[in-house]
Amino acid sequence: MNGTIDLLFWQLFAAYLFVLILVVIVRIRGIPREKEIFIASIRMTLQLILVGYLLVYVFKYTHPVYTLLLVATMLAFSIRTIIKRAKGNLSYAMKRIIAFSMTSGILVSLIFFIFIVLQLEPWYEPRYVIPIAGMIVGNSMTGIALGVNSLIEGMHIQKDKVEAALMLGAKPKAAARNIVNQAFDSAMLPTINSMVGMGIVFLPGMMTGQILSGTSPIVAVEYQIAIMLGIVGSVSLSVILFVQLGYRTFFNHRSQLDLEGSGKIQR
Amino acid sequence: MFRLKGVKVKGILSVPELTIIRNTITCIVGESGSGKTSLLRLLNQLDSPDEGEIWFDQCPLSETDPIEWRRNVVMVPQAPIVFKGTVGDNLQIGLSFSDKPAASDERLMQALHLVCLEKGLAQDAENLSGGEKQRLSLARAVLMNPMALLLDEPTSALDEDTANKVFQRLTAFIRENGKTLVIITHSRSIADTYADLIIEIKDGMPQVDGRVYSERND
Ligand SMILES: Nc1ncnc2c1ncn2[C@@H]1O[C@H](COP(=O)(O)OP(=O)(O)OP(=O)(O)O)[C@@H](O)[C@H]1O
Ligand SMILES: [Mg+2]
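Chains as they are written, first to last, in this note's numbering: chain A, 162 to 428; chain B, 884 to 1101.
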């Protein structure tokens, strides 16, 4: 392999020392998190090994169905994670909107990216599609998860203001306007921040990976710029779809505020 | 104008029959937690009854457009709400919510005068006192020039003199312009002085003071 150092088993094992340090710290501080840390490390290891073998297979026997299936699986998992991370039990309508905005936002930007920016041949080349889809899905997931909680929290905290606007004859859209904007903003913030810090505060995962595996840093940077813009596009598209549709679940067909329309929230 | 028939809301309110007459001033009194706010919210269509129907003349409210309705039958909530911005912004926001053209500064000043609030339009509304915010939110509703106003304890944060002054100006405005006013108040003296009809809510059941009611119906 061109300049790649394959880690030996014991080298990789040594890296687990970092987890051990974390466990020691929480133990000393008396924070009851050892179990979660333990489970998280095991899960990460198992999941990555599994994915590694899966990818080896998919890369070898390239087929559009495999690629599509992997992207669909990532998407499904990310939607599930958002729903699980939300405070309380989301209503069916809210879940549907999350699934819809994630799917459309991600597919549109992924298709744009594959066919127009990269012009992949063949379009389903898993070596490109899978990691790019992974990054786009991951970032959109973080964005929507933040957006969901910000929207729910905003509606609950500012419910009197929303109702006061309704009393004055506001349409639900106008009554929820500020909250929707705040939710959009807080959902976009991590993505915007990561653009600002890009290359200075941190080297993003994909670029690091490419450089580690021997790609010229300039090529890696080109890819990284393109993918960052793809991420921005996908996150903004999914988030704007989500907030524009999501606020409606807080109102019933008589344009009355119905906080339970979005689900039952645990406080 | 409003007619409630067999209206029930959860376990809170039960109204076999109730009529509120056009171009009158109706006061709703009753103990805390008796269901006054709940009744007013029904009239603003901020809630819908679980059972029964509310009529506007011959038209059931459930067949009206709720947003259009609230632009004509404006409610002012018990706890005053101010929006971000100046006093002027706060006055205009009702008009902008209801897609009406903005008012001139002169009209804004008139609205402020009506509620005895002598404040500059450019002042930050966030810094107003509780009673000033209450009058500001009242002025905002008056400025919308609706057919009916539903006020939930509009002077609860005011001293007696100011409250009376506001009521005098407000009721004069209502009578001159042929509007309908429904007010929740804890003050018996305000109800006795200004109301054409007093509705008392007891255990979720509105009871009309027979004397006042028959007088007005003569
Ligand atoms: N959304 C709701 N769900 C359940 N109960 C409610 C709801 N809103 C109000 N209530 C209850 O209904 C009763 C009547 O409430 P309401 O706000 O109408 O009282 P009120 O007469 O306006 O009292 P106050 O003078 O203190 O403002 C109260 O016991 C209240 O707790
Ligand atoms: Mg009340």
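Derived by calculation from the structure, the hints in this document are not laboratory data.
Note that this is a predicted model, so its numbers are computed, not measured.
Glycine is no exception: its CB is placed at the ideal position from the N, C-alpha and C atoms.
Among the clues, some could well be false.
[To be verified] Computed list of lysine-lysine pairs in DSS-like fashion (alpha-carbon distance at most 30 Å, straight line):
#, chain 1, residue 1, chain 2, residue 2
1, B, Lys1048, A, Lys332
2, B, Lys893, B, Lys967
3, B, Lys891, A, Lys320
4, B, Lys893, A, Lys332
[Claimed, not checked] Computed footprint of chain B on chain A, listed as stretches where at least three residues anywhere in the stretch have a Cβ under 8 Å from a Cβ of chain B:
#, region
5, 328-337
6, 367-378
7, 415-427
Which of the numbered hints above does this structure break? Hint check: 1, 2 and 6 fail, others pass.
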